[in-house]
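K.L.:
Now for the letters of each chain:
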Amino acid sequence: MEEHRGLLDIHHLSARYPCGTAVLHDVSLHMHSGEIVCVIGESGCGKSTLLRAILRMPGKVDITKGQILYRGTDLCTLSSSRLRQIRGAGIGMIFQEPGASLDPIRRIGTQFYETLRAHGHITRAQAEQTACALLLRLELSDPQRILKSCPVQLSGGMNQRVAIALAMALHPDVLLADEPTSALDVLVQAQIVNELLRLRNEFGTGILLVTHNMGVVAKMADKVAVMYGGRIVEYGYRDSILTTPSHPYTKALMEAIPRLDGTPPRGLPGRACRKFPQEGCAFAPRCPHAQPDCLSRTMGPIPIYGEHWTLCRLGGAPR
Amino acid sequence: MRTANRAAKLRLAVLLVLVAVLCIFCLAAPSLLPNDPSQAHLLAAKQPPSTRYPFGTDWLGRCVCSRVLAGASTSVFSALTIVGLTLAVGCAVGIVCGYFGGVVDTVLMRVVDIFLAFPGMVLALAVAGMLGPGLKNAVLALAATGWPQYARLTRSYVLSLRQENFIHAARLNGQSPASILFLHIFPNAVRPVLVTASLSIGGTILNLAGLSFLGLGALPPTAEWGSMLADGRGLMQQAPWLIFFPGAAIFLTSILFNLLGDSVRDVLDPLDSQRKQYK
Chain A
1 MEEHRGLLDI
11 HHLSARYPCG
21 TAVLHDVSLH
31 MHSGEIVCVI
41 GESGCGKSTL
51 LRAILRMPGK
61 VDITKGQILY
71 RGTDLCTLSS
81 SRLRQIRGAG
91 IGMIFQEPGA
101 SLDPIRRIGT
111 QFYETLRAHG
121 HITRAQAEQT
131 ACALLLRLEL
141 SDPQRILKSC
151 PVQLSGGMNQ
161 RVAIALAMAL
171 HPDVLLADEP
181 TSALDVLVQA
191 QIVNELLRLR
201 NEFGTGILLV
211 THNMGVVAKM
221 ADKVAVMYGG
231 RIVEYGYRDS
241 ILTTPSHPYT
251 KALMEAIPRL
261 DGTPPRGLPG
271 RACRKFPQEG
281 CAFAPRCPHA
291 QPDCLSRTMG
301 PIPIYGEHWT
311 LCRLGGAPR
Chain B
320 MRTANRAAKL
330 RLAVLLVLVA
340 VLCIFCLAAP
350 SLLPNDPSQA
360 HLLAAKQPPS
370 TRYPFGTDWL
380 GRCVCSRVLA
390 GASTSVFSAL
400 TIVGLTLAVG
410 CAVGIVCGYF
420 GGVVDTVLMR
430 VVDIFLAFPG
440 MVLALAVAGM
450 LGPGLKNAVL
460 ALAATGWPQY
470 ARLTRSYVLS
480 LRQENFIHAA
490 RLNGQSPASI
500 LFLHIFPNAV
510 RPVLVTASLS
520 IGGTILNLAG
530 LSFLGLGALP
540 PTAEWGSMLA
550 DGRGLMQQAP
560 WLIFFPGAAI
570 FLTSILFNLL
580 GDSVRDVLDP
590 LDSQRKQYK
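If you read the sequences in order, they're chains A and B.
The numbering used here applies: residue 1 is where the first sequence begins, and numbers increase by one.
The numbering used here applies: residue 320 is where the second sequence begins, and numbers increase by one.
Honestly, the hints are just simulated from the structure, not real lab data.
There may be inaccurate statements among the hints.
If we take Cβ atoms under 8 angstroms as the criterion, some of the chain B residues that face chain A in the derived model are [stated by the list, open to error]:
#1 357
#2 407
#3 484
#4 492
#5 495
#6 498
#7 500
#8 501
#9 584
Label pairs and their in silico Cβ distance ranges [as the list claims (entries may be wrong)]:
#10 B:423 - A:171: 48 to 58 angstroms
#11 B:497 - A:293: 24 to 34 angstroms
#12 A:125 - B:324: 40 to 50 angstroms
#13 B:423 - A:85: 22 to 32 angstroms
#14 A:125 - B:538: 57 to 67 angstroms
#15 B:423 - A:81: 44 to 54 angstroms
#16 A:198 - B:324: 33 to 43 angstroms
#17 B:426 - A:293: 23 to 33 angstroms
Virtual Cβ for every residue (Gly too), placed ideally from N, Cα, C.
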């Protein structure tokens, strides 16, 4: 039933925090080369945790069930030295505050060199060349000066772009990006979006992008995964999700987007879910269409069309 | 920020030059002595400062000026050795504890707790007393009691560094544990500790002088500022120059190293200077 030939295949992944709180339930996701999958959902629904789980970030998330296959290799059972080879060169990551992923006291140039050197022999001059080219593409003028500076001497937005360049420098097959454009002005945001698209077009990089920005989703995504309460509640091609959302939560998300035509955005009543239930629909307490048995029902994906599926049994119903 | 940084760097440069001058002076002192520091002239005992004896003479007629100069290298280099030793041992223990944690951490930190439970000087007295008097033993005693403080400090820095995003990022970029430890953890943790160390050089000179003052440091006839102070104490009213000149030497040297410590902090601590920038 499931294909194993993708670039990144996540099968029925469940994970919890070291303190014991379960966060991810039965998350499945498949990504091919050159595909961009956007993960959307409100704060605290497990998006960032999903990215951390994929890279097996130590001390942050414990995987309790499921598989994460990178080109067919299960990352969950890999030794730390093999995992190290994949991290960075195979799967790269851009953090939520990318600026904080730079060592505050070491020069940017040195950090580029060390990162590149960790995955192959390279001279300082080569590293500098690669870095300069990347920084120029990200609209950073005077890359020579940047390479000689420490992060403290650069602005937040510059650091963010530097960190993104650092993650791109190794040309990973898979790039995990956790809201990479959150703190940048729109022009730079557009530049980064274009750069990510170029990376995909030139190198066939698969990008798993966590974002709150629906504009970015509309521009970049091939597929969209909507998360709520630690589960993917709806998954499918961008167009079918954006135009015909079927899960009540996705519909609510779409209605909450501010519009230029004057219709006021509609918020969703109730608070974001704090407990991530094992059984039943996490969204039911806030759902306008909830039925009494929604809270206890065992959930499984209900196909709608092609790869588009939803967890909600009302999903297929017309609006 | 640039200009502020430059001013701090200039200050550090000036102080470093002064310290270098002091060290060269200490090394050159033996050839600068006006008289033999351990040659007694009972006929010339307790003479006030004069052209023959610029700082006067002590109760045995030894030239105080020569003794202060000869004592400079003993005091300064011993203090630097002590700080170097405590820094090396403390940092190593702190980084191992902070980075690897577990049983090693628990055991070493309990040892540190035991050391820190005693007032430092009392413990140094006990260790020096056990080892017997002598300059080398005094240095060992002060080093043995000084490292736990650095271990604690380094460990706490390493613990907070381990949670930093850039450490995760380095790991997720595929860097090996060794390179993370040496390229990211060590330089970041050692900077604030280095600042503490440079600030404590002055205090260490005083501690060493204190041990010598109590008779556990340099043995006579070795000239050392603390022991000169101790010996001259009884003659304070008849011959105040006996304690004035070694005291002034300790004072000036400690001040110089304290200023150096301040200046090192201004330049090395990027977060601190960043905070200043926003004020």
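K.L.:
List, from low to high, the hint numbers that the structure doesn't satisfy.
P.N.:
Going through the list in order, the structure violates hints 1, 2, 7, 8, 9, 10, 11, 12, 15 and 17 and respects the others.
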